[in-house]
Amino acid sequence: MEKIEIIVNGEPNEVPAAWVISDLIRQLALAGKQVAIEVNEEIVSRNQWPKQCLNAGDNVEIVHFVGGGERV
Amino acid sequence: MSDYLMLGSKKFNSRLIVGTGKYESPEIMKQCFEESGVEVVTVAVRRVNLMDKSKESMLDHIDQERFLILPNTAGCYTAKDAIRYARLGREAGLSNLVKLEVIGDKRTLFPDNEALLEATRILVKEDFIVLPYTNDDPVVCKRLEEAGAAAVMPLGAPIGSGLGIQNPNNIRIILETVSIPVIVDAGVGTASDATIAMELGVDGILMNTGIAQAKDAVAMARAMRLAVESGRLAYQAGRIPKKLHAAASSPLEGMLT
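Just so you know, the sequences run in chain order A and B. Going by this note's numbering, the first sequence opens with residue 91, and the numbers climb by one from there. Going by this note's numbering, the second sequence opens with residue 185, and the numbers climb by one from there.
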């Protein structure tokens, strides 16, 4: 299976070339979690996850909520 | 009498908003939510730690049926970053409210007014309900209102300082200047600070450190709830004017001669 290299939260990752975002989310055990995703600084909304392919060199950011308020 | 805090079109009974940082444990935090009677809690947006999955999302500890999640842009130093975090927060939290912070200085954590205004304008256009953390400067607050902010959140004192309301006169002038809700954000160290702010007539208070880092956070959460309620009631009741000399409250009539 052909692999491509992408960056996920700053770390290089090898994934199958045919993967969409949902595949990555499943692999990271984040399915069903309240996270937001950016690819190359563009938000990819949840309904696009099964459709949007990953491309070599993509910079993926996966964020969630952490404790914080007036100061972090 | 109906007395609500309005954020955009949303209505809240509690005028206290709390942060979710720096608690000893998630359990203590949850107890603090109960004792403080809050309905809105603010959270920061950060990368998921993919190496250490034990670092859970804050949402694992918050019942979203009961508490409204208010994403914030804490830690952002440019308008561009703050806008990016706000969009991510909306995507993750599925609500268009944002507590907008654009910090201008690391040491004081004072806001960068220019960047704050710019970010507010852009986010308002994107249908966010923007709640900007700002200086206690009436002119900046006016500009934020003109930019479409749903409320202004002037600091009482530097973030995490616990110094209380350092410039009550500015807060009063802000209250005269804008017609959107005024929420004191930052600087509250103890219950009396919260009461003083509420007595000035502000619409609400946001705090985190004052509760989370108190020796007994849960007890302080309750104290803050009572303080905010007391201050609000006293404001509505209308205090007596201050006088230099005494004014006896018992009649002179009927004294023994």
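There may be inaccurate statements among the hints.
[As the list claims (entries may be wrong)] Footprint (simulated), chain A over chain B, 3 or more residues, beta carbon under 8 Å:
#1 242 to 253
#2 302 to 313
#3 377 to 389
[Unchecked claim] If you want a taste of the chain B side facing chain A, the calculated C-beta under 10 Å gives, among others:
#4 Val-229
#5 Val-232
#6 Val-362
Calculated from the structure, these hints are not laboratory results. C-beta: ideal position from N, C-alpha, C; glycine also.
Which numbered hints are broken by the structure, listed smallest first? 2, 3 and 6
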